[in-house]
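Peer 1: In our numbering, the protein residues as written are 71 to 350.
Because the hints were derived from the structure by calculation, they are not lab data.
Errors might be hidden in some of the hints.
Unchecked claim - Using 25 Å as the maximum straight-line C-alpha spacing, the simulated SDA-like pairs for lysine to any residue come out as follows:
1. 285 with 185
2. 127 with 116
3. 246 with 262
4. 127 with 80
5. 127 with 166
6. 344 with 182
7. 224 with 159
8. 344 with 324
9. 193 with 286
10. 246 with 166
11. 182 with 159
12. 193 with 317
13. 141 with 117
14. 229 with 166
15. 326 with 338
16. 342 with 169
17. 182 with 116
18. 182 with 113
19. 174 with 208
20. 229 with 116
21. 189 with 109
22. 174 with 142
23. 316 with 331
24. 316 with 263
25. 285 with 238
26. 260 with 224
27. 189 with 331
28. 189 with 282
29. 317 with 307
30. 316 with 245
31. 246 with 303
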Amino acid sequence: MKEIKAFIIVVIITGIIYWGVEPFAHSQMNPEVAPADYTFSDLQPLQATNGNINNGKELVMGNCVACHSIKGEGVESPFSPADAVSAYGVMPPDLTPSAFIYEKNFLANFLKDPAVATKQTHKFEGNHPMPAYNWMSDQEIMDMVAYLQSIAPKEMSDKEVFVAACGRCHNVKYDKWTANGDLTTYLGAKVPDLSMMIRSRSLDYLHTFINDPQKRLAGTGMPRVGLNESAENQVIAYMESVGDSKKPERESLGYKIVIFLIVMGVVAYLWKRKIWHDVH
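Produce the entire structure from the sequences given, and follow the hints as far as they go.
Peer 2: Shown next, in the form of C-alpha coordinates:
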(Lines of atoms letter the chains of each structure in order from A and count residues from 1; the text may use other names and numbers.)
(Lines give C-alpha, C1' and ligand atoms only; values in the text may rest on other atoms or scores of the structure.)
Protein backbone atom coordinates (compact mmCIF):
# COMPACT_ATOMS: atom_id res chain seq x y z
CA MET A 1 0.00 0.00 0.00
CA LYS A 2 2.87 2.35 0.81
CA GLU A 3 4.28 1.82 -2.66
CA ILE A 4 1.01 2.84 -4.29
CA LYS A 5 0.82 6.00 -2.18
CA ALA A 6 4.41 6.89 -3.06
CA PHE A 7 3.68 6.24 -6.73
CA ILE A 8 0.62 8.50 -6.63
CA ILE A 9 2.65 11.28 -5.00
CA VAL A 10 5.37 10.98 -7.66
CA VAL A 11 2.76 11.08 -10.44
CA ILE A 12 1.13 14.22 -8.96
CA ILE A 13 4.44 16.05 -8.51
CA THR A 14 5.60 15.06 -12.00
CA GLY A 15 2.28 16.20 -13.48
CA ILE A 16 2.49 19.58 -11.75
CA ILE A 17 6.03 20.12 -13.05
CA TYR A 18 5.32 18.84 -16.56
CA TRP A 19 1.97 20.54 -17.19
CA GLY A 20 2.30 23.51 -14.85
CA VAL A 21 5.81 24.69 -14.05
CA GLU A 22 7.55 23.74 -17.31
CA PRO A 23 5.00 25.40 -19.66
CA PHE A 24 5.07 28.55 -17.50
CA ALA A 25 8.88 28.67 -17.55
CA HIS A 26 8.86 28.03 -21.30
CA SER A 27 6.37 30.86 -21.89
CA GLN A 28 8.61 33.27 -19.98
CA MET A 29 11.78 32.26 -21.80
CA ASN A 30 10.11 31.91 -25.21
CA PRO A 31 7.25 34.42 -25.54
CA GLU A 32 4.52 33.29 -27.88
CA VAL A 33 4.61 34.82 -31.35
CA ALA A 34 2.11 34.83 -34.17
CA PRO A 35 2.21 31.66 -36.28
CA ALA A 36 3.97 31.58 -39.64
CA ASP A 37 2.06 33.47 -42.33
CA TYR A 38 2.59 31.80 -45.69
CA THR A 39 0.29 34.24 -47.49
CA PHE A 40 2.40 37.24 -46.36
CA SER A 41 -0.80 39.11 -45.68
CA ASP A 42 1.05 42.30 -44.72
CA LEU A 43 2.04 42.68 -48.38
CA GLN A 44 -0.65 44.07 -50.63
CA PRO A 45 -1.44 41.94 -53.70
CA LEU A 46 -0.51 43.70 -56.92
CA GLN A 47 -3.37 45.03 -59.02
CA ALA A 48 -2.92 42.46 -61.76
CA THR A 49 -3.93 38.83 -61.75
CA ASN A 50 -2.70 37.09 -64.90
CA GLY A 51 0.79 37.71 -66.21
CA ASN A 52 1.97 37.58 -69.82
CA ILE A 53 4.86 35.11 -70.06
CA ASN A 54 6.32 36.49 -73.31
CA ASN A 55 6.34 40.07 -72.08
CA GLY A 56 7.70 38.89 -68.76
CA LYS A 57 10.61 37.16 -70.50
CA GLU A 58 11.51 40.36 -72.33
CA LEU A 59 11.43 42.32 -69.09
CA VAL A 60 13.52 39.77 -67.19
CA MET A 61 16.09 39.51 -69.94
CA GLY A 62 16.24 43.29 -70.24
CA ASN A 63 16.45 44.06 -66.53
CA CYS A 64 17.64 41.06 -64.50
CA VAL A 65 20.35 39.20 -66.36
CA ALA A 66 22.76 42.09 -65.91
CA CYS A 67 23.17 40.69 -62.37
CA HIS A 68 21.49 37.29 -62.21
CA SER A 69 21.98 33.96 -63.91
CA ILE A 70 19.05 31.92 -65.24
CA LYS A 71 20.76 28.58 -65.61
CA GLY A 72 17.56 26.80 -66.58
CA GLU A 73 17.52 29.00 -69.69
CA GLY A 74 21.26 28.77 -70.34
CA VAL A 75 21.99 32.27 -69.03
CA GLU A 76 25.12 32.37 -66.89
CA SER A 77 25.97 34.99 -64.29
CA PRO A 78 27.88 37.97 -65.69
CA PHE A 79 29.97 38.03 -62.48
CA SER A 80 32.41 35.71 -60.81
CA PRO A 81 31.61 35.15 -57.12
CA ALA A 82 34.50 37.43 -56.14
CA ASP A 83 33.37 40.25 -58.45
CA ALA A 84 29.76 39.92 -57.28
CA VAL A 85 30.78 40.13 -53.63
CA SER A 86 32.94 43.15 -54.42
CA ALA A 87 30.08 44.90 -56.24
CA TYR A 88 27.05 43.89 -54.15
CA GLY A 89 28.38 42.29 -50.98
CA VAL A 90 26.65 39.03 -51.91
CA MET A 91 26.29 36.76 -54.94
CA PRO A 92 23.02 37.49 -56.81
CA PRO A 93 21.00 34.25 -56.91
CA ASP A 94 20.12 32.15 -59.93
CA LEU A 95 16.53 32.99 -60.89
CA THR A 96 15.59 29.56 -62.23
CA PRO A 97 14.08 28.19 -58.99
CA SER A 98 12.62 31.51 -57.77
CA ALA A 99 8.98 30.72 -58.46
CA PHE A 100 9.37 27.21 -57.06
CA ILE A 101 10.59 28.30 -53.63
CA TYR A 102 9.05 31.77 -53.15
CA GLU A 103 5.40 32.52 -52.49
CA LYS A 104 3.89 34.30 -55.49
CA ASN A 105 2.69 37.45 -53.72
CA PHE A 106 5.99 37.77 -51.88
CA LEU A 107 7.96 37.38 -55.12
CA ALA A 108 5.92 40.10 -56.81
CA ASN A 109 6.34 42.46 -53.86
CA PHE A 110 10.04 41.66 -53.68
CA LEU A 111 10.48 42.77 -57.27
CA LYS A 112 8.53 45.93 -56.48
CA ASP A 113 10.44 46.85 -53.29
CA PRO A 114 12.95 44.33 -51.86
CA ALA A 115 13.63 46.19 -48.61
CA VAL A 116 9.93 46.30 -47.71
CA ALA A 117 9.20 42.70 -48.74
CA THR A 118 12.16 41.34 -46.79
CA LYS A 119 11.53 43.65 -43.79
CA GLN A 120 14.98 45.21 -44.07
CA THR A 121 14.08 48.88 -44.23
CA HIS A 122 15.88 49.29 -40.89
CA LYS A 123 19.09 48.10 -42.57
CA PHE A 124 18.80 49.46 -46.11
CA GLU A 125 17.51 53.01 -46.43
CA GLY A 126 17.07 53.23 -50.17
CA ASN A 127 20.31 51.38 -50.89
CA HIS A 128 19.25 47.74 -50.99
CA PRO A 129 21.64 45.71 -53.22
CA MET A 130 18.63 44.62 -55.26
CA PRO A 131 17.07 47.65 -56.99
CA ALA A 132 13.36 48.27 -56.53
CA TYR A 133 11.20 47.95 -59.63
CA ASN A 134 8.42 50.12 -58.23
CA TRP A 135 8.70 52.25 -61.36
CA MET A 136 7.14 49.38 -63.28
CA SER A 137 3.40 48.85 -63.47
CA ASP A 138 1.83 46.05 -61.45
CA GLN A 139 1.03 44.29 -64.72
CA GLU A 140 4.67 44.32 -65.82
CA ILE A 141 5.80 42.91 -62.49
CA MET A 142 3.21 40.15 -62.69
CA ASP A 143 4.38 39.42 -66.23
CA MET A 144 7.88 38.85 -64.84
CA VAL A 145 6.48 36.58 -62.14
CA ALA A 146 4.56 34.62 -64.78
CA TYR A 147 7.77 34.10 -66.75
CA LEU A 148 9.66 32.96 -63.65
CA GLN A 149 6.83 30.54 -62.92
CA SER A 150 7.06 29.15 -66.45
CA ILE A 151 10.78 28.30 -66.11
CA ALA A 152 10.68 27.02 -62.54
CA PRO A 153 11.56 23.34 -62.07
CA LYS A 154 8.71 20.94 -61.35
CA GLU A 155 10.52 19.47 -58.37
CA MET A 156 13.66 20.03 -56.34
CA SER A 157 15.46 17.97 -53.70
CA ASP A 158 15.54 19.20 -50.09
CA LYS A 159 19.19 20.16 -50.43
CA GLU A 160 18.59 22.02 -53.71
CA VAL A 161 15.85 24.07 -52.06
CA PHE A 162 18.09 24.79 -49.08
CA VAL A 163 20.97 25.89 -51.31
CA ALA A 164 18.67 28.14 -53.35
CA ALA A 165 17.01 29.68 -50.29
CA CYS A 166 19.77 29.72 -47.68
CA GLY A 167 23.00 28.50 -49.22
CA ARG A 168 24.35 31.88 -50.30
CA CYS A 169 24.55 32.99 -46.68
CA HIS A 170 24.84 29.94 -44.44
CA ASN A 171 27.43 27.21 -44.20
CA VAL A 172 26.51 23.61 -43.44
CA LYS A 173 29.90 22.18 -42.57
CA TYR A 174 28.48 18.77 -41.64
CA ASP A 175 27.41 18.40 -45.26
CA LYS A 176 30.53 20.14 -46.63
CA TRP A 177 28.55 23.11 -47.91
CA THR A 178 30.23 26.53 -47.81
CA ALA A 179 28.39 29.73 -48.71
CA ASN A 180 29.91 32.15 -51.20
CA GLY A 181 30.35 35.76 -50.19
CA ASP A 182 31.47 37.90 -47.26
CA LEU A 183 28.15 37.76 -45.45
CA THR A 184 29.54 39.08 -42.18
CA THR A 185 30.11 42.41 -43.91
CA TYR A 186 26.83 42.25 -45.83
CA LEU A 187 24.61 41.48 -42.85
CA GLY A 188 26.63 43.28 -40.20
CA ALA A 189 26.81 40.17 -38.01
CA LYS A 190 28.37 36.72 -38.04
CA VAL A 191 26.26 34.26 -40.01
CA PRO A 192 25.77 30.97 -38.14
CA ASP A 193 26.57 27.56 -39.51
CA LEU A 194 23.29 25.64 -39.69
CA SER A 195 24.63 22.10 -39.30
CA MET A 196 23.15 21.61 -35.81
CA MET A 197 20.48 24.32 -35.75
CA ILE A 198 17.77 21.65 -35.86
CA ARG A 199 19.00 20.49 -32.43
CA SER A 200 19.22 23.91 -30.80
CA ARG A 201 15.83 25.30 -31.85
CA SER A 202 12.32 23.87 -31.81
CA LEU A 203 10.45 23.24 -35.05
CA ASP A 204 7.97 25.99 -34.17
CA TYR A 205 10.84 28.44 -33.63
CA LEU A 206 12.48 27.50 -36.93
CA HIS A 207 9.26 27.80 -38.92
CA THR A 208 8.33 31.20 -37.49
CA PHE A 209 11.91 32.49 -37.70
CA ILE A 210 12.40 31.47 -41.33
CA ASN A 211 8.97 32.83 -42.23
CA ASP A 212 9.62 36.16 -40.49
CA PRO A 213 12.89 36.61 -38.53
CA GLN A 214 11.69 39.89 -37.01
CA LYS A 215 9.08 38.00 -34.99
CA ARG A 216 11.78 36.15 -33.10
CA LEU A 217 14.71 38.56 -33.25
CA ALA A 218 13.71 42.16 -33.82
CA GLY A 219 16.30 44.15 -35.72
CA THR A 220 18.13 41.12 -37.07
CA GLY A 221 20.02 41.48 -40.32
CA MET A 222 18.49 38.27 -41.68
CA PRO A 223 15.89 39.07 -44.34
CA ARG A 224 12.42 37.61 -44.51
CA VAL A 225 13.10 34.99 -47.16
CA GLY A 226 9.55 34.60 -48.48
CA LEU A 227 9.48 30.84 -48.89
CA ASN A 228 6.20 29.13 -49.59
CA GLU A 229 5.17 26.51 -47.03
CA SER A 230 6.31 23.54 -49.11
CA ALA A 231 9.78 24.98 -49.72
CA GLU A 232 10.17 25.89 -46.06
CA ASN A 233 9.30 22.32 -45.07
CA GLN A 234 11.98 21.09 -47.46
CA VAL A 235 14.56 23.44 -45.93
CA ILE A 236 13.82 22.12 -42.45
CA ALA A 237 13.78 18.52 -43.72
CA TYR A 238 17.28 19.07 -45.12
CA MET A 239 18.50 20.59 -41.85
CA GLU A 240 17.06 17.61 -40.01
CA SER A 241 18.75 15.14 -42.38
CA VAL A 242 22.11 16.78 -41.65
CA GLY A 243 21.84 17.63 -37.96
CA ASP A 244 19.55 14.89 -36.72
CA SER A 245 19.86 12.02 -39.18
CA LYS A 246 19.23 9.43 -36.46
CA LYS A 247 15.87 10.91 -35.43
CA PRO A 248 13.67 8.11 -36.91
CA GLU A 249 15.91 5.46 -35.39
CA ARG A 250 15.98 7.26 -32.04
CA GLU A 251 12.21 7.71 -31.93
CA SER A 252 11.53 4.08 -32.84
CA LEU A 253 13.96 2.97 -30.13
CA GLY A 254 12.31 5.27 -27.58
CA TYR A 255 9.08 3.27 -27.55
CA LYS A 256 11.02 0.05 -27.01
CA ILE A 257 12.91 1.58 -24.09
CA VAL A 258 9.69 2.78 -22.46
CA ILE A 259 8.16 -0.70 -22.78
CA PHE A 260 11.36 -2.23 -21.39
CA LEU A 261 11.33 0.11 -18.39
CA ILE A 262 7.67 -0.64 -17.68
CA VAL A 263 8.29 -4.40 -17.80
CA MET A 264 11.38 -4.12 -15.60
CA GLY A 265 9.49 -1.85 -13.22
CA VAL A 266 6.78 -4.47 -12.80
CA VAL A 267 9.41 -7.21 -12.33
CA ALA A 268 11.27 -5.11 -9.75
CA TYR A 269 8.04 -4.43 -7.87
CA LEU A 270 7.06 -8.11 -7.81
CA TRP A 271 10.57 -9.11 -6.75
CA LYS A 272 10.53 -6.53 -3.98
CA ARG A 273 7.14 -7.79 -2.78
CA LYS A 274 8.46 -11.34 -2.69
CA ILE A 275 11.64 -10.48 -0.75
CA TRP A 276 10.07 -8.04 1.71
CA HIS A 277 6.68 -9.68 2.03
CA ASP A 278 7.24 -10.82 5.61
CA VAL A 279 8.36 -7.35 6.72
CA HIS A 280 5.10 -5.81 5.48
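Peer 1: Does each hint hold? Answer for all of them.
Peer 2: Cross-check of the supplied hints:
Of the pairs offered as hints, the one joining residue 285 and residue 185 holds, with about 17 Å between alpha carbons and a cut-off of 25 Å not exceeded. Straight-line distance between C-alpha atoms of residue 127 and residue 116 comes to about 19 Å, which keeps the hinted pair within the 25 Å bound. A threshold of 25 Å between alpha carbons decides the hint, and for residue 246 with residue 262 the separation of about 15 Å falls inside it, so the pair holds. Proximity of residue 127 to residue 80 is assessed by CA-CA distance (about 68 Å); at most 25 Å being required, the pair is judged violated.
Distance check on the hinted pair: residue 127 and residue 166 sit about 12 Å apart at the alpha-carbon level, within 25 Å; holds. A hinted pair counts as satisfied when its Cα atoms are at most 25 Å apart, and residue 344 with residue 182 does not qualify at roughly 79 Å. Taken as a hint, the residue 224 and residue 159 pair is broken in the structure, with Cα atoms around 31 Å apart against an allowance of 25 Å. The suggested pairing of residue 344 with residue 324 is violated, with an alpha-carbon distance near 30 Å, which exceeds 25 Å.
Straight-line distance between C-alpha atoms of residue 193 and residue 286 comes to about 17 Å, which keeps the hinted pair within the 25 Å bound. For the suggested pair residue 246 and residue 166, the alpha carbons sit about 24 Å apart, so the restraint of at most 25 Å is met. Our distance criterion of 25 Å between C-alpha atoms is met by residue 182 and residue 159, whose separation comes to about 21 Å. Distance restraint check for residue 193 and residue 317: the Cα-Cα separation of roughly 38 Å exceeds the 25 Å cut-off, and the hinted pair is therefore not satisfied.
Among the hinted pairs, residue 141 with residue 117 is inconsistent with the structure: their alpha-carbon atoms are about 30 Å apart, more than 25 Å. In summary, the hint linking residue 229 to residue 166 is supported, as the alpha carbons are separated by about 16 Å, within the 25 Å threshold. Annotation: proposed proximity of residue 326 to residue 338 holds, straight-line Cα distance about 18 Å (limit 25 Å). With a C-alpha separation of about 66 Å, the suggested pairing of residue 342 with residue 169 is violated against the 25 Å cut-off.
At most 25 Å may separate the alpha-carbon atoms for a hinted pair to count; residue 182 and residue 116 meet this at roughly 9 Å. The hinted pair formed by residue 182 and residue 113 meets the criterion: a straight-line CA distance of about 11 Å does not exceed 25 Å. The straight-line distance between the Cα atoms of residue 174 and residue 208 is roughly 13 Å, inside the 25 Å bound, and the hint therefore holds. Proximity of residue 229 to residue 116 is assessed by CA-CA distance (about 31 Å); at most 25 Å being required, the pair is judged violated.
Taken as a hint, the residue 189 and residue 109 pair is honoured in the structure, with Cα atoms around 15 Å apart against an allowance of 25 Å. For the hint linking residue 174 to residue 142, the alpha-carbon distance of about 19 Å falls within 25 Å, and the restraint holds. For a cut-off of 25 Å, the pair hint linking residue 316 to residue 331 stands: about 22 Å separates their Cα positions. For the hint linking residue 316 to residue 263, the alpha-carbon distance of about 20 Å falls within 25 Å, and the restraint holds.
As the CA atoms of residue 285 and residue 238 are separated by approximately 22 Å, the hinted pair is consistent with the 25 Å bound. Of the pairs offered as hints, the one joining residue 260 and residue 224 is violated, with about 34 Å between alpha carbons and a cut-off of 25 Å exceeded. A threshold of 25 Å between alpha carbons decides the hint, and for residue 189 with residue 331 the separation of about 50 Å lies outside it, so the pair is violated. Between residue 189 and residue 282 the CA atoms are separated by roughly 8 Å; this keeps the pair inside 25 Å, and the hint holds.
Proximity of residue 317 to residue 307 is assessed by CA-CA distance (about 11 Å); at most 25 Å being required, the pair is judged to hold. For the hint linking residue 316 to residue 245, the alpha-carbon distance of about 15 Å falls within 25 Å, and the restraint holds. In summary, the hint linking residue 246 to residue 303 is supported, as the alpha carbons are separated by about 21 Å, within the 25 Å threshold.
Hint compliance for this structure: hints 4, 6, 7, 8, 12, 13, 16, 20, 26, 27 are broken, all remaining hints hold.
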